[in-house]
Amino acid sequence: MTPRILAALALTALSLTATAQTAPSAEKQRMIDLGIEHGTARALYDHFKQEARGGQALTWRTVPDWTGIWTREASPFFWDPDQTSTTALPTAKLTPEHQRLLKDKLDKVAKGIEFDPLSNCEPAGMPRWLVEPFLKEFVVTPQEVYLVNEMQNEMRRIYTDGRDHPSAADAYPLWEGDSIGFWNGDKLVIHTAQMRAGQYQRIQPFYTEQVETVEIWQKTDPTTMVVDVWSFDPPALAEPWYTRQVYKQLSNDDKSLRIRYWNCGENQNNAVEKTDTGTSDFSNFTFTPKDDK
Amino acid sequence: MRRVLSGVLGLATMLAAPAFAHHSAVMFDDQKEVTVTGTVKEFQYTNPHSWLLVDVKDDKGNVTTWGFEAEGPSTLTRAGIRRSDFAPGTEITITGNPMKDGRPAAAWVRATRGDGKQFDPRAGFAIK
Numbered sequence: 628m629t630p631r632i633l634a635a636l637a638l639t640a641l642s643l644t645a646t647a648q649t650a651p652s653a654e655k656q657r658m659i660d661l662g663i664e665h666g667t668a669r670a671l672y673d674h675f676k677q678e679a680r681g682g683q684a685l686t687w688r689t690v691p692d693w694t695g696i697w698t699r700e701a702s703p704f705f706w707d708p709d710q711t712s713t714t715a716l717p718t719a720k721l722t723p724e725h726q727r728l729l730k731d732k733l734d735k736v737a738k739g740i741e742f743d744p745l746s747n748c749e750p751a752g753m754p755r756w757l758v759e760p761f762l763k764e765f766v767v768t769p770q771e772v773y774l775v776n777e778m779q780n781e782m783r784r785i786y787t788d789g790r791d792h793p794s795a796a797d798a799y800p801l802w803e804g805d806s807i808g809f810w811n812g813d814k815l816v817i818h819t820a821q822m823r824a825g826q827y828q829r830i831q832p833f834y835t836e837q838v839e840t841v842e843i844w845q846k847t848d849p850t851t852m853v854v855d856v857w858s859f860d861p862p863a864l865a866e867p868w869y870t871r872q873v874y875k876q877l878s879n880d881d882k883s884l885r886i887r888y889w890n891c892g893e894n895q896n897n898a899v900e901k902t903d904t905g906t907s908d909f910s911n912f913t914f915t916p917k918d919d920k
Numbered sequence: 102m103r104r105v106l107s108g109v110l111g112l113a114t115m116l117a118a119p120a121f122a123h124h125s126a127v128m129f130d131d132q133k134e135v136t137v138t139g140t141v142k143e144f145q146y147t148n149p150h151s152w153l154l155v156d157v158k159d160d161k162g163n164v165t166t167w168g169f170e171a172e173g174p175s176t177l178t179r180a181g182i183r184r185s186d187f188a189p190g191t192e193i194t195i196t197g198n199p200m201k202d203g204r205p206a207a208a209w210v211r212a213t214r215g216d217g218k219q220f221d222p223r224a225g226f227a228i229k
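These protein sequences, in sequence, are chains A and B. The first sequence maps to residues 628 to 920 in the working numbering. The second sequence maps to residues 102 to 229 in the working numbering.
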């Protein structure tokens, strides 16, 4: 994201009335209303499970073919693919406190002050995992699904064997959260809880440790994976944030695309530090001294 | 050494900026471009970012090593850029958005190898 664009974004953010998003489509509004109607991620997940009469167990004969190398279709800068412009605000309905937090962040970015915890080699974590760029793999087995992000080797494990989440007494924040799911035909429905606080993306809102998500994954054609996502986070979101994420399978005829182990710290030239002003700067390059200007 | 600083870039160029998933791009001046000609010293084909190090000689024979940052190996592979494309000693003319603090480093925008072949590292985000 370039400073000029971010400056325009932050200036726009100062005038909320001028940046109203276009009204959601009727289909999107129906999904938003579904989240509002059920109130919590768990209630929405249970609703889908009831609709599916508990879901169907997979066997090795019935696992869907989700093989291949995938990547997100939309711009990595926005959580909601419907936000296509940096002169618009994110589509989330935020609480007043989180409106202020977002505005503070955008104001700083417009001044060239920006530091992403990823620079400390932290994982993106869920739910930000969903919008990170680069490569993804989706591995389906009868009892578990592995959702793999190339970046930082982040793998989500979705337990579809009927188990529930750990008890509240034993729960603690996890980078990828704890995910349970079931199959409704060719759709995988996931409930994820126990996530760490973070941000949806750099110029997007923050989420708290109370965030929970419901996802419905469906491969709609040989090269398209559509994921309906509801985020619930009462301290941050005034209402559930529904978005539709799309991943595309990349052509890989020569098999050159492969997901390798990602070692964030393997090259000193990528070391980035947080400066005294709170922004980002490279530490020490190997090819030139720090004071070589 | 040949070095050219351009003026303000167009909107299309701005929107084509890469994701820079591991860090903010605030250390680079996206409104300027620097172009140098030299020989490849080393192609560090690494995550989360790759670095193409280029030795650039000035009129007096002094050598400065410039670093050009791009995305990691998988994105470069998608852009058709292999590690073997830039062996040490390869002649290259390369353009990037320079560091604001004046260090000899830049965000790699495009390059032309000595044999005339052109490379666009940012094409690696295209879905195909």
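Read the hints as simulated data drawn from the structure, not as lab findings. One or more of the hints may lead you astray.
Claimed, not checked - Listed below are the simulated DSSO-like cross-link pairs for lysine-lysine, each with C-alpha atoms no more than 27 Å apart in a straight line:
{"id": "1", "chain 1": "B", "residue 1": "K201", "chain 2": "A", "residue 2": "K730"}
{"id": "2", "chain 1": "A", "residue 1": "K917", "chain 2": "B", "residue 2": "K218"}
{"id": "3", "chain 1": "B", "residue 1": "K201", "chain 2": "A", "residue 2": "K738"}
{"id": "4", "chain 1": "A", "residue 1": "K882", "chain 2": "A", "residue 2": "K901"}
{"id": "5", "chain 1": "A", "residue 1": "K655", "chain 2": "A", "residue 2": "K846"}
{"id": "6", "chain 1": "A", "residue 1": "K917", "chain 2": "A", "residue 2": "K730"}
{"id": "7", "chain 1": "A", "residue 1": "K917", "chain 2": "B", "residue 2": "K229"}
{"id": "8", "chain 1": "B", "residue 1": "K218", "chain 2": "B", "residue 2": "K229"}
{"id": "9", "chain 1": "A", "residue 1": "K732", "chain 2": "B", "residue 2": "K218"}
{"id": "10", "chain 1": "A", "residue 1": "K738", "chain 2": "A", "residue 2": "K917"}
{"id": "11", "chain 1": "A", "residue 1": "K882", "chain 2": "B", "residue 2": "K158"}
{"id": "12", "chain 1": "A", "residue 1": "K732", "chain 2": "B", "residue 2": "K133"}
{"id": "13", "chain 1": "B", "residue 1": "K229", "chain 2": "A", "residue 2": "K846"}
What hint numbers does the structure not satisfy? 2, 4, 6, 7, 9, 11
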